[in-house]
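Participant: Protein chains in written order, with numbering that gives the first Met the number 0: chain Z, 0 to 859; chain U, 0 to 171.
These are calculated hints, taken from the structure and not from any lab test. Some hints could be false.
[Stated by the list, open to error] According to the in silico footprint, chain U covers these stretches of chain Z (three or more CB under 8 angstroms from chain U):
no., stretch
1, 46-56
2, 78-90
3, 354-367
Ideal Cβ placement from N, Cα and C applies to all residues, glycine included.
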Amino acid sequence: MVRLVRMIGDWIEEQTGMVSTIHEFMDEPLPAKVGWPHVLGSAVAVAFLIQLVTGAFMMVYYVPTPDHAYETVEYIEQLAFGSLVRGLHHFGATAMVVLVGLHLLQVFIWGAYKRPRQMIWVIGLALLGLTFAFSFTGYLLPWDQKAYWATVVGTNIAGCIPYVGHFLRSALRGGEAVGASTLTRFFTIHVFALPVFLELLIVFHIYQVRHHGLTPPWAVGEPENVPKPQRFFPHQIFKDCVVALALLLVLLYFALSHGAPLEPMANPSDTTYLPRPEWYFLPVYEVLKYLPGKYGEFVGAIVIPTLGFLGLLLLPYVDRNPHRLPRRRPLAMGLLVLAFTIITVFGVQGMKSTPAKTQLSDVGRLGEKLFVDLRCDSCHPINAVGGNVAPDLAHAAKRDAKTLEKLLRQPTAFNERTIMPATELPPGKMATLVKFLQELDEHYEYTRVPQVGPKKPYSHFEENWFLAHKFEMRKDPTYCESCHKPAFCQTCHRRRRPDSHLHKWLRYHYGVATENPAYCQACHEKSFCDACHAQMMHTEDWTARHGAVANEKRELCKECHRDETCKLCHTGARPHSHGKGWLESHGTGGIKGCDTCHERAFCQNCHMGAKPKSHTPDWPRIHGGPAKRGQQKCTECHSTSFCNSCHGTSMPHPRSFKLTKHMQVAKRNPGACLRCHQQDFCTQCHGLELPHPKGWRAKTHGASAKEAPQVCGRCHAPATCGKCHDQDSPPASHDADDWNKAHGKQGEGHEPFCALCHGKNSCEACHGLPMPHPTGWRTKPHSQVVTKSPELCGRCHKPTHCAKCHDADNPPESHFDDKYTKSHAAQSKGQEALCAACHGKTGCDDCHKKNGVEVSKAKG
Amino acid sequence: MPDHRATESFEDALTDTPSRRAFLAYASGALSLVIGGLLAIPLVGFVLAPVFRPRKSRWVQLGHVADLPRGIPTKLVYSYPTTDGWLSKVARGTVYALTEDGKSYTVLSNLCPHAGCGVRWDEQKEYFQCPCHDGRFDRHGKVTGGPPPHGLKEFAHKVEGGSLLVELEEGA
Numbered sequence: 000m001v002r003l004v005r006m007i008g009d010w011i012e013e014q015t016g017m018v019s020t021i022h023e024f025m026d027e028p029l030p031a032k033v034g035w036p037h038v039l040g041s042a043v044a045v046a047f048l049i050q051l052v053t054g055a056f057m058m059v060y061y062v063p064t065p066d067h068a069y070e071t072v073e074y075i076e077q078l079a080f081g082s083l084v085r086g087l088h089h090f091g092a093t094a095m096v097v098l099v100g101l102h103l104l105q106v107f108i109w110g111a112y113k114r115p116r117q118m119i120w121v122i123g124l125a126l127l128g129l130t131f132a133f134s135f136t137g138y139l140l141p142w143d144q145k146a147y148w149a150t151v152v153g154t155n156i157a158g159c160i161p162y163v164g165h166f167l168r169s170a171l172r173g174g175e176a177v178g179a180s181t182l183t184r185f186f187t188i189h190v191f192a193l194p195v196f197l198e199l200l201i202v203f204h205i206y207q208v209r210h211h212g213l214t215p216p217w218a219v220g221e222p223e224n225v226p227k228p229q230r231f232f233p234h235q236i237f238k239d240c241v242v243a244l245a246l247l248l249v250l251l252y253f254a255l256s257h258g259a260p261l262e263p264m265a266n267p268s269d270t271t272y273l274p275r276p277e278w279y280f281l282p283v284y285e286v287l288k289y290l291p292g293k294y295g296e297f298v299g300a301i302v303i304p305t306l307g308f309l310g311l312l313l314l315p316y317v318d319r320n321p322h323r324l325p326r327r328r329p330l331a332m333g334l335l336v337l338a339f340t341i342i343t344v345f346g347v348q349g350m351k352s353t354p355a356k357t358q359l360s361d362v363g364r365l366g367e368k369l370f371v372d373l374r375c376d377s378c379h380p381i382n383a384v385g386g387n388v389a390p391d392l393a394h395a396a397k398r399d400a401k402t403l404e405k406l407l408r409q410p411t412a413f414n415e416r417t418i419m420p421a422t423e424l425p426p427g428k429m430a431t432l433v434k435f436l437q438e439l440d441e442h443y444e445y446t447r448v449p450q451v452g453p454k455k456p457y458s459h460f461e462e463n464w465f466l467a468h469k470f471e472m473r474k475d476p477t478y479c480e481s482c483h484k485p486a487f488c489q490t491c492h493r494r495r496r497p498d499s500h501l502h503k504w505l506r507y508h509y510g511v512a513t514e515n516p517a518y519c520q521a522c523h524e525k526s527f528c529d530a531c532h533a534q535m536m537h538t539e540d541w542t543a544r545h546g547a548v549a550n551e552k553r554e555l556c557k558e559c560h561r562d563e564t565c566k567l568c569h570t571g572a573r574p575h576s577h578g579k580g581w582l583e584s585h586g587t588g589g590i591k592g593c594d595t596c597h598e599r600a601f602c603q604n605c606h607m608g609a610k611p612k613s614h615t616p617d618w619p620r621i622h623g624g625p626a627k628r629g630q631q632k633c634t635e636c637h638s639t640s641f642c643n644s645c646h647g648t649s650m651p652h653p654r655s656f657k658l659t660k661h662m663q664v665a666k667r668n669p670g671a672c673l674r675c676h677q678q679d680f681c682t683q684c685h686g687l688e689l690p691h692p693k694g695w696r697a698k699t700h701g702a703s704a705k706e707a708p709q710v711c712g713r714c715h716a717p718a719t720c721g722k723c724h725d726q727d728s729p730p731a732s733h734d735a736d737d738w739n740k741a742h743g744k745q746g747e748g749h750e751p752f753c754a755l756c757h758g759k760n761s762c763e764a765c766h767g768l769p770m771p772h773p774t775g776w777r778t779k780p781h782s783q784v785v786t787k788s789p790e791l792c793g794r795c796h797k798p799t800h801c802a803k804c805h806d807a808d809n810p811p812e813s814h815f816d817d818k819y820t821k822s823h824a825a826q827s828k829g830q831e832a833l834c835a836a837c838h839g840k841t842g843c844d845d846c847h848k849k850n851g852v853e854v855s856k857a858k859g
Numbered sequence: 000m001p002d003h004r005a006t007e008s009f010e011d012a013l014t015d016t017p018s019r020r021a022f023l024a025y026a027s028g029a030l031s032l033v034i035g036g037l038l039a040i041p042l043v044g045f046v047l048a049p050v051f052r053p054r055k056s057r058w059v060q061l062g063h064v065a066d067l068p069r070g071i072p073t074k075l076v077y078s079y080p081t082t083d084g085w086l087s088k089v090a091r092g093t094v095y096a097l098t099e100d101g102k103s104y105t106v107l108s109n110l111c112p113h114a115g116c117g118v119r120w121d122e123q124k125e126y127f128q129c130p131c132h133d134g135r136f137d138r139h140g141k142v143t144g145g146p147p148p149h150g151l152k153e154f155a156h157k158v159e160g161g162s163l164l165v166e167l168e169e170g171a
């Protein structure tokens with residue numbers, strides 16, 4: 000293996016002579032005490048190398064135009080290893096500046112700038128200047144807010160130089176403003192011009208170091224060129240490698256843990272943005288604050304740094320002190336300490352004075368998340384980051400919480416024409432969102448969630464897109480189509496129609512639609528027009544075709560046409576429908592629409608006698624159903640009396656017909672009911688056959704009347720019976736022989752019925768006492784009646800009736816009287832039968848004989 | 000040729016042992032390798048990342064199925080927003096859709112598999128004609144003449160809500 004390498008090495012040496020050159024370089028003997036402090040130079044070189052390769056690889060994807068710079072940086076960020084490469088580049092830039100500073104410091108302290116090495120120092124300063132130039136030009140390339148505005152400030156500083164400032168600024172910017180020309184020239188300077196110069200100068204710098212040899216140590220007596228048994232390779236190289244690896248690891252750490260920052264995309268119209276300078280410009284930034292006035296900026300930012308630079312530049316030529324030992328160079332060391340202190344103090348002050356970003360509370364952070372999730376930023380900017388359609392929310396804190404919540408829940412309450420959707424949230428979430436809004440101020444930085452996927456065209460980021468889009472859309476409606484479906488327009492326009500659609504749009508839209516149908520299709524699907532126009536399209540054949548549509552959808556015509564429009568043509572002229580076969584078919588579907596041209600009476604011209612098709616021969620039989628269901632509107636031809644003339648009663652039945660009116664009709668003309676209703680239809684309500692069957696009056700009604708008189712009562716007033724039944728013609732039942740006896744039983748429960756003829760108290764009138772016996776008759780009152788007029792009882796009751804209750808143990812009450820033995824004679828006169836009921840026929844005799852009392856014989 | 004390797008010239012004056020030098024040399028080499036690797040791996044991965052991006056496919060709407068005539072391959076032009084690397088653009092293309100019965104469809108690419116020219120359906124002659132090298136395909140995309148090695152590419156498709164959709168590869 001080693002033999003092979005040797006062979007290749009020999010071949011290369013033979014061809015190029017490179018191997019010996021490299022060996023010479025590597026074998027350089029090192030002076031004494033050269034070691035770790037001297038790695039700084041090569042550390043700078045390694046840092047530059049890292050910048051070179053990371054930058055070169057990023058160039059594969061980066062595009063230096065304002066419309067693509069930011070999105071290509073975002074693209075790099077989301078590629079595999081992309082954020083790592085970019086992070087290395089970002090932190091590598093800081094590292095390079097730091098290491099250059101440290102290298103300068105080391106060279107200064109070691110006094111390695113002194114004669115004869117002045118030129119190396121000068122070239123080193125040039126390299127320092129180039130490093131700052133790298134920083135400044137590279138800063139602009141991401142084209143985010145910080146990049147843009149820092150460049151505006153930086154070029155403005157160049158512009159404050161008297162006389163040449165304006166020209167210088169325009170030259171740097173490539174125009175008046177920082178824009179596309181600035182970006183492209185900064186890019187070219189950064190990736191081509193500066194690297195070329197830097198590499199050339201580095202080579203020259205290192206060559207010069209080798210030429211003069213590494214500075215010997217500052218020993219007492221300062222012996223020159225004491226050879227040390229150490230060579231550049233591998234001793235110094237090893238140290239360099241260690242430091243290089245350490246550097247790389249540190250950079251990797253920062254790149255992985257923090258990542259290069261990326262602010263929102265540059266917004267040239269946002270004047271509220273506060274650019275903060277990079278840390279190495281902070282001292283200047285702070286100094287400027289103390290230098291007001293017309294030339295303050297010039298002095299602070301140009302004059303003082305230039306003087307400093309000049310001082311450093313002239314240092315090796317001014318400093319004639321041959322000593323390199325720090326102890327022997329009090330002035331130099333003193334100046335160093337002074338400069339360092341001033342720069343540090345101003346730097347720290349500068350750092351403190353830059354306003355900090357607004358920190359949100361925990362609740363505010365939750366609200367921020369809601370804000371992002373709900374995509375409020377698509378319309379609302381916060382400090383100019385976000386959409387450009389709605390007001391900037393940085394001032395949201397001006398409103399109190401209640402107003403904010405109301406605004407969110409009901410935006411139309413504040414502005415009728417707003418396109419802001421109402422935000423419905425549960426109270427807890429709403430409170431966090433409101434809290435977030437109230438914590439916003441001008442120092443809040445909204446971090447946009449980077450989009451993955453197709454981005455908006457650059458036109459959509461322009462300031463006036465919200466207003467301008469409607470002009471773009473009118474010019475070419477299909478422009479929107481390539482990205483947006485019609486429904487997209489509806490997200491805003493559902494809540495707010497385009498301004499054109501506000502006044503009489505239905506009437507006038509046809510002009511726009513005929514000129515440019517694509518205009519409608521930008522928002523509406525094709526079927527939207529069809530909803531009206533499927534039938535209503537006034538195409539060439541509309542005159543022929545409109546009749547059918549007009550017949551059915553008269554109200555659609557009225558959207559545009561007044562009624563007279565029809566008459567313009569149709570006076571005298573027949574509609575298309577009145578062609579062949581019209582006479583046959585004209586009635587189907589009713590007579591809606593005939594009245595546009597014809598008077599009502601027009602139909603009668605023919606229809607006196609002429610019937611519609613439906614009126615077939617058996618129409619009288621079957622017309623009931625259709626008439627009831629409304630299939631055939633009888634009233635279209637016939638007046639209401641027409642039905643009555645056949646039906647004998649009003650058709651259809653009026654409201655109260657069931658309850659009362661039908662009785663009269665039914666009576667007057669029972670056959671009228673039977674025309675439609677079956678015979679038993681009446682029975683269902685009436686409970687008996689109606690009308691009364693034959694022989695009802697003569698014979699059969701009696702039985703029904705007897706059984707259920709209330710059924711008669713449904714129709715007949717009580718006096719009705721009296722119409723036929725009187726003294727001479729009592730009811731049949733009264734003809735029975737035993738009616739006198741039997742009527743009692745039959746009358747039971749039907750007293751009102753008897754009363755119909757006999758009157759209310761007719762029983763009493765006949766019976767001489769209330770009939771029927773009132774309640775409690777048996778117990779008490781009857782005894783009085785019996786005592787007074789026992790013959791009344793005898794009318795109904797046989798004498799034996801008394802014995803049912805009265806016996807030896809329970810005689811009638813009258814017998815309790817003390818004087819009954821005496822008074823009974825008078826009482827029993829003529830009532831012997833009654834006595835006999837208990838006492839037997841011979842009862843009187845038995846008693847009287849016994850007691851020797853004479854019985855006075857009663858009459859009969 | 001003189002030996003330019005430096006070891007001989009100072010060996011006698013050295014107090015340093017060869018083993019220490021060798022260790023440092025190898026250590027330097029090793030460190031350099033590590034540094035190189037730490038830089039090379041991310042950088043090479045970074046530059047090759049788009050090559051290994053997974054191929055995504057998406058469903059693209061072509062048009063209403065009601066508008067398609069039966070039995071004739073119908074040219075349908077589609078467009079959808081997409082990204083070309085970092086660039087947002089609108090991808091456009093053409094496919095031909097054929098249906099006999101309104102239920103099953105064939106969606107063919109219009110790119111000739113021979114050299115990528117766009118084919119065209121000829122109404123009169125009733126075949127797809129490629130203008131570049133006279134390749135011909137029948138209504139179903141099968142080769143009927145000319146140099147194409149195989150037929151027109153067929154796409155996966157579906158009908159949803161009255162619209163015909165086709166599955167296209169992003170970037171294709």
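Participant: Just pull the numbers of the violated hints for me, sorted ascending.
Facilitator: When the structure is compared with the hints, only number 3 turns out to be violated.
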